[in-house]
Amino acid sequence: MDPLLRNLINVHSPSGEELSMKQFILEYASGHAKSWNQQPEIIKGPDFQDCVMLAFGKPRTAVFAHMDTTGFTVRYQDQLVPIGSPDVKGGETLVGRDALGPIKCQLRLTEDHEIFYDFGRAIQSGTSLTYQPDITYGQPLIHSPYLDNRVGVFVALKLAETLQNGVLVFSAWEEHGGGSVPYLIKYLYENFQIKQALISDVTLATDGVKPGEGVVISLRDHNIPRKSFIDRICVLAKNSGIPYQIEVEGSGSSDGREIQKSPFPVDWCFIGPSQHRPHSASETVHEEDVKHAVEMYQYLLQML
Amino acid sequence: MDPLLRNLINVHSPSGEELSMKQFILEYASGHAKSWNQQPEIIKGPDFQDCVMLAFGKPRTAVFAHMDTTGFTVRYQDQLVPIGSPDVKGGETLVGRDALGPIKCQLRLTEDHEIFYDFGRAIQSGTSLTYQPDITYGQPLIHSPYLDNRVGVFVALKLAETLQNGVLVFSAWEEHGGGSVPYLIKYLYENFQIKQALISDVTLATDGVKPGEGVVISLRDHNIPRKSFIDRICVLAKNSGIPYQIEVEGSGSSDGREIQKSPFPVDWCFIGPSQHRPHSASETVHEEDVKHAVEMYQYLLQML
Amino acid sequence: MDPLLRNLINVHSPSGEELSMKQFILEYASGHAKSWNQQPEIIKGPDFQDCVMLAFGKPRTAVFAHMDTTGFTVRYQDQLVPIGSPDVKGGETLVGRDALGPIKCQLRLTEDHEIFYDFGRAIQSGTSLTYQPDITYGQPLIHSPYLDNRVGVFVALKLAETLQNGVLVFSAWEEHGGGSVPYLIKYLYENFQIKQALISDVTLATDGVKPGEGVVISLRDHNIPRKSFIDRICVLAKNSGIPYQIEVEGSGSSDGREIQKSPFPVDWCFIGPSQHRPHSASETVHEEDVKHAVEMYQYLLQML
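Protein chains in written order, with the numbering used here: chain A, 110 to 413; chain B, 110 to 413; chain C, 110 to 413.
Not one of these hints is a red herring.
Restricting the straight-line Cα-Cα distance to at most 27 Å, the calculated cross-link-like pairs of lysine-lysine (BS3-like) are:
#, chain 1, residue 1, chain 2, residue 2
1, C, K295, A, K131
2, B, K131, A, K304
3, C, K295, B, K304
4, A, K131, C, K304
5, A, K153, B, K295
6, A, K167, B, K295
7, B, K400, B, K319
8, C, K153, B, K304
9, C, K167, A, K295
10, B, K304, B, K347
11, B, K153, A, K304
12, A, K198, A, K213
13, A, K153, C, K167
14, B, K295, C, K153
15, C, K304, A, K295
16, C, K295, B, K167
17, B, K167, C, K153
18, A, K131, A, K304
19, A, K295, B, K304
20, B, K295, C, K131
21, B, K153, C, K295
22, A, K267, A, K131
23, B, K295, A, K304
24, C, K131, C, K267
25, A, K295, B, K295
26, B, K167, B, K295
27, B, K295, C, K304
28, B, K304, C, K131
29, A, K153, C, K295
30, C, K295, A, K295
31, B, K153, A, K295
32, A, K131, A, K213
Quick caveat, the hints were computed from the structure, so don't treat them as lab data. Just so it is clear, the structure is predicted and the values come from calculations on it, not from any experiment.
Build the full structure now, drawing on both the sequences and the hints.
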């Protein structure tokens with residue numbers, strides 16, 4: 110298992126608190142860019158909040174990978190409020206930090222589906238907690254919290270190694286209603302005339318898409334991308350020779366939703382591995398699917 | 110019954126797949142514009158995806174008519190996923206096309222409200238299906254699928270014949286969460302300083318509005334337009350002498366929703382015929398209401 | 110009790126009909142600005158619909174106070190449709206005006222939670238009704254309808270007296286899905302490079318925040334603002350010496366929602382008094398909390 114993925118999983122960055130992941134990506138880029146085929150322009154600063162973009166060459170296509178994860182906010186007393194939609198069964202180990210120091214506590218789930226923490230002291234209201242990183246690599250399966258979307262970020266950073274033309278976009282708040290894609294896509298459209306976006310994320314394994322059977326190309330989820338763009342991608346995917354699966358769903362969402370609803374005419378398509386137990390403390394992906402995702406992005410960024 | 114409406118109904122264009130309707134409108138305009146009072150500027154291209162606008166004179170008001178319809182996407186095996194909110198009872202004939210050729214199948218509805226197709230062969234995942242066009246004209250009532258929004262497009266194209274100043278906007282994805290109105294209204298505001306929009310669509314017949322009793326002017330649905338704009342329209346409508354009805358609802362929506370929520374200060378109002386059985390395979394409108402809709406738009410585009 | 114708050118409560122301005130409140134604010138500003146430390150630029154006109162902004166000095170921070178209230182629209186016969194989410198128990202006195210003159214009627218609530226009016230004559234469809242102003246000042250508690258958000262507007266207008274640098278933004282439609290914040294924030298970002306917004310509104314009293322225990326600073330509600338901005342505010346609030354309480358919720362919303370989802374990178378934080386019985390005909394706030402809200406805004410607008 111690639112140490113980069115391990116390192117990504119160890120970063121604490123629930124929605125609204127993506128700063129640490131931004132810093133990780135900036136440090137990774139500054140440490141590795143010299144070995145990349147092309148040196149990217151790094152787009153960051155107060156006009157991009159905690160987001161960051163790496164622009165290579167003359168970009169025609171943007172790849173979005175969200176940096177945030179689900180998590181929990183400490184309310185009052187021992188109550189927790191979800192960030193995004195974590196899927197808990199009770200007993201999960203949560204970690205975080207408040208003014209009094211580091212926190213490692215247990216999640217308690219009541220019969221009324223209310224969530225609490227058990228810890229030796231009170232945790233400051235507003236503190237965010239996330240699942241403790243706990244990675245099991247039983248080749249070829251990777252079990253870990255937050256593969257959604259450490260895998261999507263991983264795919265984007267692998268793509269950076271060989272990318273000629275394209276922008277890698279690291280977005281925020283995807284798990285909790287969004288809020289960064291609107292200004293990111295505005296910048297991309299106004300500065301690079303970007304009209305094509307691919308969403309590097311993970312999707313739910315179903316009766317139609319299964320881990321180990323190829324990277325998933327989603328024709329629709331709750332949102333419906335423009336058919337002519339999807340059709341182009343399917344033709345290219347077929348020609349690529351890379352294993353892939355087609356997804357058709359009526360629910361589920363991604364950064365594609367905010368691109369769709371933005372005041373910019375940008376086509377989008379979700380492409381990424383499928384996984385079991387999304388948003389749980391032990392998501393599962395198949396490492397071959399991750400490899401094929403990287404290959405598919407490499408191919409599509411050239412051809413689109 | 111006007112053959113233009115028949116021809117519009119025969120076009121396959123569920124949300125996300127409006128290309129055929131765009132082409133129909135472009136061909137219609139190129140074939141008929143010579144007989145129109147004024148030659149429009151045709152606004153289209155990659156910055157407008159599958160949407161198209163016809164701008165006449167010095168526009169002060171935009172008329173939005175959505176080109177898409179509800180429909181169904183083939184999931185895996187014989188499963189269907191709705192596009193928008195089709196209202197089915199089972200047994201409807203659906204049509205479409207995949208790589209293997211044209212499709213004409215039956216919709217099957219289970220007791221659990223799940224939907225499937227019955228067809229002699231498997232249909233390719235991601236294929237879109239729509240109700241088979243089946244028009245019954247029992248003067249004065251028109252029964253057909255997709256009067257929502259072929260009627261709204263029809264009204265806009267009739268308006269084109271005499272329009273002096275105004276933009277006809279043919280939008281996409283209205284039935285399924287939107288996604289084109291934001292960039293269309295951006296263009297209209299930035300290029301024509303448009304601050305007034307009318308929504309040419311059809312609305313549900315209720316205890317308050319009834320087919321045959323005039324075109325409906327909606328004071329509100331789920332969304333609340335600015336009162337001062339609505340009041341101006343009501344005064345004009347009264348002065349027009351054209352039969353109309355007032356609608357006040359707490360639910361329902363239209364392209365007005367996305368105009369309302371856009372970052373542009375554009376007033377909007379829904380104006381169109383009422384209908385029975387919306388989103389079913391047999392919607393019903395009264396042809397006099399359609400005639401009065403055209404007249405009301407002609408009047409308002411002059412006066413606003 | 111300050112007569113300004115009384116006067117604000119007497120204005121009829123349900124969502125979509127904020128014109129009277131805009132006029133009130135403009136008249137108030139024109140009558141009082143001479144006694145303010147600084148003369149504001151008044152930003153208004155057709156590009157801002159019924160909204161208005163007062164810009165002081167070189168603004169770094171915007172304060173949003175929504176001008177609209179919940180209310181009711183007359184449907185057909187004696188039926189009412191809610192504007193926003195009024196919380197009624199039946200028997201409330203509602204007021205409004207239609208073409209036939211002023212209206213003062215009673216709200217009737219059925220067992221099916223449907224709402225009607227009882228009045229001696231039919232009220233014109235589309236007429237808006239609001240709770241009759243009925244203020245009880247039992248020092249230190251203020252009981253009245255529409256403290257949400259007359260209190261928030263009051264705080265902003267008090268802030269105007271001493272404000273050096275900042276913009277006071279009076280927004281519309283907050284109670285009913287929004288629609289003005291997107292173009293207001295666009296203007297603020299493009300013209301003043303505003304990247305910081307505070308939301309002057311009232312919030313629900315809970316087990317965590319209680320009237321009389323200080324102005325509430327919300328770390329999150331249904332929406333999650335950026336943690337680094339919230340953290341800065343909490344440090345400043347602590348240093349201010351002004352009584353305040355921390356809120357952490359999983360539900361509830363404000364103008365912050367639309368700032369979050371806008372295509373502009375603007376941080377936001379809710380700051381305002383807590384109240385009992387939100388959206389009822391008798392909301393309750395503690396006047397000390399209002400005083401501390403004004404003080405907190407004065408402090409933060411200097412320090413941020």
